[in-house]
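**Q** If you want the building blocks of each chain, they are given just below.
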Amino acid sequence: MSARAGSPDFPGILRDSGLVALVALFLAFPLVGFHTIDQGGGAGMGIETRFPWVVVAVAAAFVGRFLQLALLRTHAPVAVERSLSRLGEVFQRNTVWIAAAAITFAIVLPMLPFADRRLVDLATLVLTYVMLGWGLNIVVGLAGLLDLGYVAFYAVGAYSFALFALHFDFTFWMALPIAGLFAAAFGVLLGFPVLRLRGDYLAIVTLGFGEIIRIILLNWYPVTRGPNGISDIPRPSFFGLEFTRRPAEGEVAFHEFFGLEYSGLHRIVFLYYLILALALITNLFTLRIRRLPIGRAWEALREDEIACRTLGINPTNTKLSAFAIGAMFGGFAGSFFAARQGFVSPESFTFVESALILAVVVLGGMGSQVGVVIAAIILVGLPEWFRDLQEYRMLVFGGAMVAIMVWRPRGLIAHRDPTVRLGVPQRPEPSA
Amino acid sequence: MIESGDRVPLLDVEHLTMRFGGLVAVNDLAFQASDREITAIIGPNGAGKTTVFNCLTGFYKPTVGRLTLRRDGTEFYLEQMDGFRIAREAGVARTFQNIRLFPRMSVLENLMVAQHNTLMRASGFSLAGLLGLPRYTRAEREALDLARFWLDRVNLTDRADWDAGNLPYGAQRRLEIARAMCTRPVLLCLDEPAAGLNARESYELNELLIDIRDRIGIGVLLIEHDMSVVMQISDHVIVLDYGRKISDGDPETVRNDPAVIRAYLGTEEEEELPEEVAEDLPPEMVRALRSFEDRPHEEDGH
Amino acid sequence: MEYFLQQLINGLTLGAIYGLIAIGYTMVYGIIGMINFAHGEIYMIGAFISFIAFLVLGAIGVTWVPLALAIVLVVAMLFTSVYGWTVERLAYRPLRGSFRLAPLISAIGMSIFLQNYVQLLQGARVKPLQPIVTGGFVIMEGGGFSVYLSYLQIIIIVVTTVLMAMFWAILSRTSFGRAQRACQQDRTMAGLVGVNVDRTISLTFVAGAALAAVAGLMVTLHYGVIDFFIGFLAGLKAFTAAVLGGIGSLPGAMLGGVLIGLIEAFWSAYFDVEYKDVAAFGILILVLVFKPTGLLGRPEIEKV
Ligand SMILES: Nc1ncnc2c1ncn2[C@@H]1O[C@H](COP(=O)(O)OP(=O)(O)O)[C@@H](O)[C@H]1O
Ligand SMILES: [Mg+2]
Chain A
1 MSARAGSPDF PGILRDSGLV ALVALFLAFP LVGFHTIDQG GGAGMGIETR FPWVVVAVAA
61 AFVGRFLQLA LLRTHAPVAV ERSLSRLGEV FQRNTVWIAA AAITFAIVLP MLPFADRRLV
121 DLATLVLTYV MLGWGLNIVV GLAGLLDLGY VAFYAVGAYS FALFALHFDF TFWMALPIAG
181 LFAAAFGVLL GFPVLRLRGD YLAIVTLGFG EIIRIILLNW YPVTRGPNGI SDIPRPSFFG
241 LEFTRRPAEG EVAFHEFFGL EYSGLHRIVF LYYLILALAL ITNLFTLRIR RLPIGRAWEA
301 LREDEIACRT LGINPTNTKL SAFAIGAMFG GFAGSFFAAR QGFVSPESFT FVESALILAV
361 VVLGGMGSQV GVVIAAIILV GLPEWFRDLQ EYRMLVFGGA MVAIMVWRPR GLIAHRDPTV
421 RLGVPQRPEP SA
Chain B
433 MIESGDRVPL LDVEHLTMRF GGLVAVNDLA FQASDREITA IIGPNGAGKT TVFNCLTGFY
493 KPTVGRLTLR RDGTEFYLEQ MDGFRIAREA GVARTFQNIR LFPRMSVLEN LMVAQHNTLM
553 RASGFSLAGL LGLPRYTRAE REALDLARFW LDRVNLTDRA DWDAGNLPYG AQRRLEIARA
613 MCTRPVLLCL DEPAAGLNAR ESYELNELLI DIRDRIGIGV LLIEHDMSVV MQISDHVIVL
673 DYGRKISDGD PETVRNDPAV IRAYLGTEEE EELPEEVAED LPPEMVRALR SFEDRPHEED
733 GH
Chain C
735 MEYFLQQLIN GLTLGAIYGL IAIGYTMVYG IIGMINFAHG EIYMIGAFIS FIAFLVLGAI
795 GVTWVPLALA IVLVVAMLFT SVYGWTVERL AYRPLRGSFR LAPLISAIGM SIFLQNYVQL
855 LQGARVKPLQ PIVTGGFVIM EGGGFSVYLS YLQIIIIVVT TVLMAMFWAI LSRTSFGRAQ
915 RACQQDRTMA GLVGVNVDRT ISLTFVAGAA LAAVAGLMVT LHYGVIDFFI GFLAGLKAFT
975 AAVLGGIGSL PGAMLGGVLI GLIEAFWSAY FDVEYKDVAA FGILILVLVF KPTGLLGRPE
1035 IEKV
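Protein chains in written order, with this note's numbering: chain A, 1 to 432; chain B, 433 to 734; chain C, 735 to 1038.
Since the hints were made in silico from the structure, they are not lab data. Hints should not be assumed to be uniformly reliable.
To be verified - Covered, in the sense of this in silico footprint (three residues per stretch, anywhere, with C-beta under 8 angstroms from a C-beta of chain A), are these stretches of chain C:
#1 779-788
#2 797-805
#3 821-830
#4 860-874
#5 1015-1029
The structure displayed is predicted, hence computed values, not measured ones. In this text, a Cβ means the ideal position worked out from N, Cα and C, and glycines have one as well.
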């Protein structure tokens, strides 16, 4: 495949496209060309053909490859690439303004005329993933530890709250710090033995850990109630004011206190602000800690662990702190999740969830805070809004993860700003 | 062996042996290094020089041996310590044969990371730092001052905010030395710092090392192939061959040691000393080698 | 004793299947040093292609079991290999020399993609297949328990053993095998002395996928049900097998597969079935923490 700029080599391109079409034929023939159907009533499985689809797939592969070689190969990717890096820089240079604008928008969102229940609900969901993404970003983006079991900490947070509420009547606000602590403790528990492993082993071990937690939640009936989950988790209150129509004896409800008409929307909006606050705390924390020695050590470890050791940095403890802090934010998000749903079950904590959070981080640009927001909106918000797309969501984000890695391994927003600047004006390079 | 009489050496290596399976990379090596001295370790490729450094800095656990480092009256047995503790407590810093910077962090950040332990303590393990307490702000300012000092010293001040990975090769080498110095070590181990430098950069490197020795007053261990560097700046030379020490002494003694010459060119050397090699060697050595070459020629009949 | 023997047979059958998948992990790891996270999905695709092939053969009236088995075996290996080849080509090759975790993330993306691709095309419901190979015989009886060895178990163990032996021969006798081993040792050098590295890597993926397809076929026959999600767990267990045996080592993968199969069978028999996957993951974590080189693996040298 010659990638000459000038005039394209059409016979070559045709041959190449033909080969791609042939491969597509082999790929599509068995799985697209035939469709298994459940005939029901013990008749077993039947089969039907879908050969026109195969033709479409093969044609699409041919045309796609042809266009890619003939047109895109030379110009478009470079241009897109350049505009994306420029975008990244613009984002970095105007961080303060963009952040201020985004936060303002987030704050006024529920008051906007078009903000109905569905939108606020969706925004809450997106913000949950933004928070999870920011939490995981500490581990993956800053410390460079690929954690495929992040959902385990989310689960620990959610179940801590659920169980403490169930057995000890804890409210959300009492359980929140405990959920974070528990999740962090689990992070340390897992991290201590495994953090010396090489990157990809660590990834698989964390994945295994995530599955272990899920299987335990699923099977430890006496405590977790297994697949039925735990329901009737208390909803969070606003400084002790409940969001109920008729509060319990001796309590005051939110709408009564403020003299409002009762509305189900109050709680939705309150939950939205709650997760917004939690997410912003996560973000502020990350921004701040990145400039502290521990944050720099995380990034240094990501860059070169051996060099770190010769500078006197204890790699295990440093990684452990990143792991535990990331886990803690996962735990906070988990207890919010439990509070919002009023119900937890193991189903919510599958590997797919971990992969989705990881995709948010990877796609956005590892280490980039703005990137996480953009990716969460794209990966969580859009498919949820267009319900028909839901079916294709996982397909698309699996594909997007591959595409992003191949095309921009550092993610959409890959620009990194130093945590400290000397700001000495540049002197021209002395001629050697 | 040179001994400065009553002075206790900074580093005392005894019976150091490192085996990899059947290969004995370092074999019963003993040497000493003092502060305010540059101790050069030379030897052909594969002689075991880097392995010695790896043992000293905790990257390998020596098969046998005692590595004693004295700092402020305390003795540290390096062979028993983890690598990061060697750097943190004993104060041994090193650079690598293949540069290992933090390429996607800025030059200044590289130097700040080197002061991790001081800053970490000042930041109260991040709590004081998170709250922005004055004691942390002060420590950070001091760290910046030290970084600034070394940036000036290695001529990188104007590129302090560059990504380290974007620096030219020679500058990366200097930055790696500056980074090691920012840990405030008592012993600095440099693995072929002049490799790939041009004449001028090499000269500046010599100045820098002499400066570190005389003004900072720490000990320097230097692995080097460039004989002119070794001869000019080192106080003490140790020659390794196949993991064994074959010579030890001041540059003058080592230069004239026939064992060293044999190790470098082999006894069965049939060819004339190539001109490119001769250019790099000091004239005395070339003379010694040239006279040495006669012998194999006499034995041609065998 | 009889019960024990029965579990041994079951465990060996299962282990043979894990071993086949584990070979794919271990070979790819050996040659490009990455965990091909999508390999479990390749196995799942192999199972689906086998399943569809059986249905198609049934529909066109090929009913003689040995013939049907042979055809399905060939068809599954062929088409699944193309998937293996394509995955490498699209998701991994462009990432050689990228940063450390990039291929792994890409592989995870590919795995999610393939799962949902099959789910969209073939539906999410569990697919049952009428038993194709039935029967067997009792080899031992006693204590009110009879040890049963089915023909299918014999087929699985025999086919697996034969394939592994063939594969072993290919790797040690042919020029592909030589190229493969050369690339494992030093890819750059192998390239410099004229080994076609790209082709060798591609062939490695193709071979791994073909073996995974056989595993998929065996599972389809063994359990009689498949769904789009089977690749995840089987993949993880096979990966555990590869790590346990020593990743990069071919005999290690087979040994690890058998051990994991046995552990799973005995755990299910004597302990809590619900937690049998916890056992597998637990072993993975323990092995990685205490003996990352596995049983037969060589330590990786980290030079500075
Ligand atoms: N980790 C290791 N495993 C096996 N052999 C090693 C290892 N490190 C170094 N060696 C071997 O030890 C010998 C000395 O190497 P080294 O110390 O790098 O030599 P030098 O730095 O003097 O050129 C070489 O033969 C090298 O191959
Ligand atoms: Mg060396």
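**Q** Now, for every hint given, state plainly whether the structure supports it.
**A** Structure-based check of all given hints:
Coverage of the stretch 779-788 of chain C by chain A holds [criterion: at least 3 residues with CB-CB distance below 8 angstroms; count 6]. Residue count for the stretch 797-805 of chain C with a Cβ under 8 angstroms from a Cβ of chain A: 0. That is fewer than the three needed, and the coverage hint is violated. With 4 residues having a beta carbon nearer than 8 angstroms to a beta carbon of chain A, the stretch 821-830 of chain C meets the requirement of three or more and the stated coverage holds. Look at the stretch 860-874 of chain C against chain A: 4 of its residues bring a Cβ nearer than 8 angstroms to a Cβ of that chain, three or more, so the hint holds.
Using a Cβ-Cβ cut-off of 8 angstroms, 7 residues of the stretch 1015-1029 of chain C lie near chain A, which meets the minimum of three, so the contact claim holds.
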